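Number of protein chains: 2
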Amino acid sequence: MTLTRRDFSRLAGLATASAFVPSAHGQTGQHPIGWCVVGLGRISMDHFMPGVKLSQKGKIVALVSGHRDKAEKQATLYGVSQSAIYNYDNMDAIRDNKEIDAVYIALPNSMHAEYTIRSAKAGKHVLCEKPMATSVADAKAMIEASKAANRKLMIAYRCQFDPLHIKAIEMIRSGQLGQIQGIESAFGFNIQPGEWRLDRKLAGGGPLMDVGIYCLNASRYLTGEEPQEIKAYSSVIDHDGRFNTVEENVSWTMKFPSGIVAACNTTYGGNMNGYFRVHGAKGAIEMLPAFNYDGMHLAGQIGRDQKIDELSPVREPMEFTRQADHFADCVWNDRTPKTPGEEGLRDMELMSEIYQAAGLPGL
Amino acid sequence: MTLTRRDFSRLAGLATASAFVPSAHGQTGQHPIGWCVVGLGRISMDHFMPGVKLSQKGKIVALVSGHRDKAEKQATLYGVSQSAIYNYDNMDAIRDNKEIDAVYIALPNSMHAEYTIRSAKAGKHVLCEKPMATSVADAKAMIEASKAANRKLMIAYRCQFDPLHIKAIEMIRSGQLGQIQGIESAFGFNIQPGEWRLDRKLAGGGPLMDVGIYCLNASRYLTGEEPQEIKAYSSVIDHDGRFNTVEENVSWTMKFPSGIVAACNTTYGGNMNGYFRVHGAKGAIEMLPAFNYDGMHLAGQIGRDQKIDELSPVREPMEFTRQADHFADCVWNDRTPKTPGEEGLRDMELMSEIYQAAGLPGL
Chain A
1 MTLTRRDFSR
11 LAGLATASAF
21 VPSAHGQTGQ
31 HPIGWCVVGL
41 GRISMDHFMP
51 GVKLSQKGKI
61 VALVSGHRDK
71 AEKQATLYGV
81 SQSAIYNYDN
91 MDAIRDNKEI
101 DAVYIALPNS
111 MHAEYTIRSA
121 KAGKHVLCEK
131 PMATSVADAK
141 AMIEASKAAN
151 RKLMIAYRCQ
161 FDPLHIKAIE
171 MIRSGQLGQI
181 QGIESAFGFN
191 IQPGEWRLDR
201 KLAGGGPLMD
211 VGIYCLNASR
221 YLTGEEPQEI
231 KAYSSVIDHD
241 GRFNTVEENV
251 SWTMKFPSGI
261 VAACNTTYGG
271 NMNGYFRVHG
281 AKGAIEMLPA
291 FNYDGMHLAG
301 QIGRDQKIDE
311 LSPVREPMEF
321 TRQADHFADC
331 VWNDRTPKTP
341 GEEGLRDMEL
351 MSEIYQAAGL
361 PGL
Chain B
1 MTLTRRDFSR
11 LAGLATASAF
21 VPSAHGQTGQ
31 HPIGWCVVGL
41 GRISMDHFMP
51 GVKLSQKGKI
61 VALVSGHRDK
71 AEKQATLYGV
81 SQSAIYNYDN
91 MDAIRDNKEI
101 DAVYIALPNS
111 MHAEYTIRSA
121 KAGKHVLCEK
131 PMATSVADAK
141 AMIEASKAAN
151 RKLMIAYRCQ
161 FDPLHIKAIE
171 MIRSGQLGQI
181 QGIESAFGFN
191 IQPGEWRLDR
201 KLAGGGPLMD
211 VGIYCLNASR
221 YLTGEEPQEI
231 KAYSSVIDHD
241 GRFNTVEENV
251 SWTMKFPSGI
261 VAACNTTYGG
271 NMNGYFRVHG
281 AKGAIEMLPA
291 FNYDGMHLAG
301 QIGRDQKIDE
311 LSPVREPMEF
321 TRQADHFADC
331 VWNDRTPKTP
341 GEEGLRDMEL
351 MSEIYQAAGL
361 PGL
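Quick note, the sequences are listed as chains A and B, same order.
Using the numbering used here, read the first sequence as starting at 1 and increasing by one per residue.
Using the numbering used here, read the second sequence as starting at 1 and increasing by one per residue.
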């Protein structure tokens, strides 16, 4: 038998591929993580659950919702048994459901702490949406509860699992852009009245908690540093009833230990397509949009000749699948998640500082 | 005679055009402004003088330079007589040159005040490059000197004469973007060692004075408001000898009376293609690049359907021609320039506040 170069490449490719094809029970032969989804809003139904469905490492096995009808429809879609549909009163019974390994919490922010702690006490690992909580104290209690139960706690910073964000970080760390000097980032939208996000009791704060957190978190993972000082402004321009309990705008600047400065904006009053821009001695990159669920675009220039122009691969729900896969790997191998409770706590503390720098109460 | 629709349009067009074709002596029959150019750097030779050459309202009639050879070459190019070449010692003699109506000052920042005041005392109108001066006191003295001599003083904020910048302002003022909430703007570059811009005695400050001023000025003309409060950081990251007397980075945020917040960055340590981004309730626009001499690009979206995507018309040196034409109109018709000394003073005061907010000495 003679092999052409092409034959050899194909065979080598097949061999490599087969090594990575997960078995029915996942890569390591362990059983897929059984997920209980708490809260059936858009992010659960449109992103997380489809993301898990594409994962070889997890499956949806239980639901918690205040709307039985909605839950039953989703249960049918994902093959969840009727007996694994819980409501907020009886959800502590998940303790007795051995199919459930982990709980995904996608509730209004103020409920994150209670349901994370209840889930940990029920012996379950937790993946909680961001912002982690509505107070620093709650965030700490969540970490404590997970530690006490010896369960994992991860905060759903999906962008940190996104290939283009990872590429941007790698370009910076490898020195391709030279010494970084400044960063700008903004994210916001014109909110509709009546959303729970406008109720401080449920949301804990305004756009900073909801979308500004992306700019804050990106500034941290792009620089690889923690802000040393923060200055900020907040304002309400539209006195139309939407901003009676939360702010409309926050603008803040941060100084990092190396001297890098970052200038950020967030709003609930206008269209602010999320982006970041990083300026280095040798080049600059921009991702716009940066924080959407799909269609991210990384562009930039290094020196005179090297252009960067990359679109996200077909991705939805890749980001959520990657996030769920990472969580499964952490559970299987007893590793600390890339974005643990402590990562969420750091943002909580920094958002508290931003609010205080803007003359508002801290968190 | 029968006229087709096309014939009629052409005739109408010709009639309109002829009404605006300036006579040899300018639109109003007055003689073209005679310009004396002080300082033969890139901005004079590559931008201002070619800009005036394209103007029907002005001509280059005199030069002031420390380099006689360079001045003679430029004199030949622009038909300036050898007797109208001055140096910094004898330039007060421009008083006796009746051909000179106005002086264009493009010197290192710290020399703006002295040469503006000398020009005013010589009975000449002045167009001075930005930043207007290196101290608030000098800026005030320049305004006083021009008033005492009953001469015009204009600061060369060329972007305020740029069609795309004017279009952005009109979109905002007309309410097309809805209530503006936030602005981001940045401008900077990686400076070469040895430039006069790195010497505080000549420059007065670092990138804030040189390029950050574009972001500051744009935030003011885009909002149509004056910043009420300012918070800032400054840093030096590269201890390579360039930043011994001026800062490397400034990051600042401003709050305007309406509640609009602006976040700005400037650097001498990295590539920061100048831009601004304006976020309103109904839409958002971005100009990138915004502060170059050509190739500006205004993009944005209003609501779901209205896309904005406009490139600058063939422009070089249109911006400088428009600026020089405006100045001629002001001299001819005894009008206050759109960007008078007071506009420059306002930026000086605000840059002084920015420096102080960053813990540096004011101006």
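It is worth saying that the hints were derived from the structure and are not from the lab.
Certain hints may be false.
No copy labels: a pair is met if it fits in one copy or bridges any two.
Below, computed lysine-lysine pairings styled on DSBU-like, alpha-carbon distance capped at 35 angstroms [said to hold, decoys possible]: (1) K307 with K282; (2) K307 with K147; (3) K167 with K121; (4) K282 with K147; (5) K167 with K98; (6) K282 with K70; (7) K282 with K201; (8) K307 with K201; (9) K201 with K98; (10) K98 with K282; (11) K121 with K282; (12) K167 with K307; (13) K167 with K282; (14) K307 with K98; (15) K282 with K140; (16) K307 with K59; (17) K201 with K167; (18) K282 with K59; (19) K147 with K70.
All of these numbers come straight from a predicted model, not from anything done at the bench.
Quick rundown of the hints versus the structure:
Proximity of K307 and K282 under a CA criterion of 35 angstroms is satisfied in both settings, with 12 angstroms inside one chain copy and 33 angstroms between copies. For the homomeric pair K307 and K147, neither the shortest alpha-carbon distance inside one copy (46 angstroms) nor that between copies (51 angstroms) is at most 35 angstroms. Taking the shortest alpha-carbon separations for K167 and K121, neither the intra-copy value of 38 angstroms nor the inter-copy value of 60 angstroms comes in at or below 35 angstroms. Taking the shortest alpha-carbon separations for K282 and K147, neither the intra-copy value of 44 angstroms nor the inter-copy value of 46 angstroms comes in at or below 35 angstroms.
In this assembly of identical chains, K167 and K98 lie within 35 angstroms of each other by CA distance neither inside one copy nor across copies; the values are 38 angstroms within and 64 angstroms between. In this homomeric assembly, K282 and K70 come within 35 angstroms of each other (Cα to Cα) only across copies, at 33 angstroms, whereas the closest approach inside a single copy is 53 angstroms. When the C-alpha separation of K282 and K201 is checked against a cutoff of 35 angstroms, the pair qualifies only between copies, where the shortest distance is 28 angstroms, while the shortest distance within a copy is 46 angstroms. Neither within a single protomer nor between protomers do K307 and K201 lie at most 35 angstroms apart by alpha-carbon distance, with minima of 47 angstroms and 38 angstroms respectively.
Proximity of K201 and K98 under a CA criterion of 35 angstroms is satisfied intra-copy only: 34 angstroms inside one chain copy versus 74 angstroms between copies. Taking the closest pair of Cα atoms, K98 and K282 never come within 35 angstroms of each other, the shortest separation being 54 angstroms inside a single copy and 50 angstroms across copies. When the C-alpha separation of K121 and K282 is checked against a cutoff of 35 angstroms, the pair qualifies neither within a copy, at 51 angstroms, nor between copies, at 46 angstroms. Proximity of K167 and K307 under a CA criterion of 35 angstroms is satisfied in both settings, with 14 angstroms inside one chain copy and 30 angstroms between copies.
Taking the closest pair of Cα atoms, K167 and K282 come within 35 angstroms of each other both inside a single copy (17 angstroms) and across two copies (33 angstroms). Taking CA atoms no more than 35 angstroms apart as the test, K307 paired with K98 passes in neither setting, with 52 angstroms inside one copy and 53 angstroms between copies. Proximity of K282 to K140 under the C-alpha cut-off of 35 angstroms is found in neither arrangement, the shortest distances being 40 angstroms within a copy and 39 angstroms between copies. Proximity of K307 and K59 under a CA criterion of 35 angstroms is satisfied in neither setting, with 41 angstroms inside one chain copy and 41 angstroms between copies.
For the homomeric pair K201 and K167, neither the shortest alpha-carbon distance inside one copy (38 angstroms) nor that between copies (42 angstroms) is at most 35 angstroms. With identical chains, the CA atoms of K282 and K59 are never at most 35 angstroms apart, being 45 angstroms at best within one copy and 41 angstroms at best between copies. Proximity of K147 and K70 under a CA criterion of 35 angstroms is satisfied intra-copy only: 33 angstroms inside one chain copy versus 75 angstroms between copies.
In the structure shown, a violation is registered for the earlier hints numbered 2, 3, 4, 5, 8, 10, 11, 14, 15, 16, 17 and 18, in ascending order.
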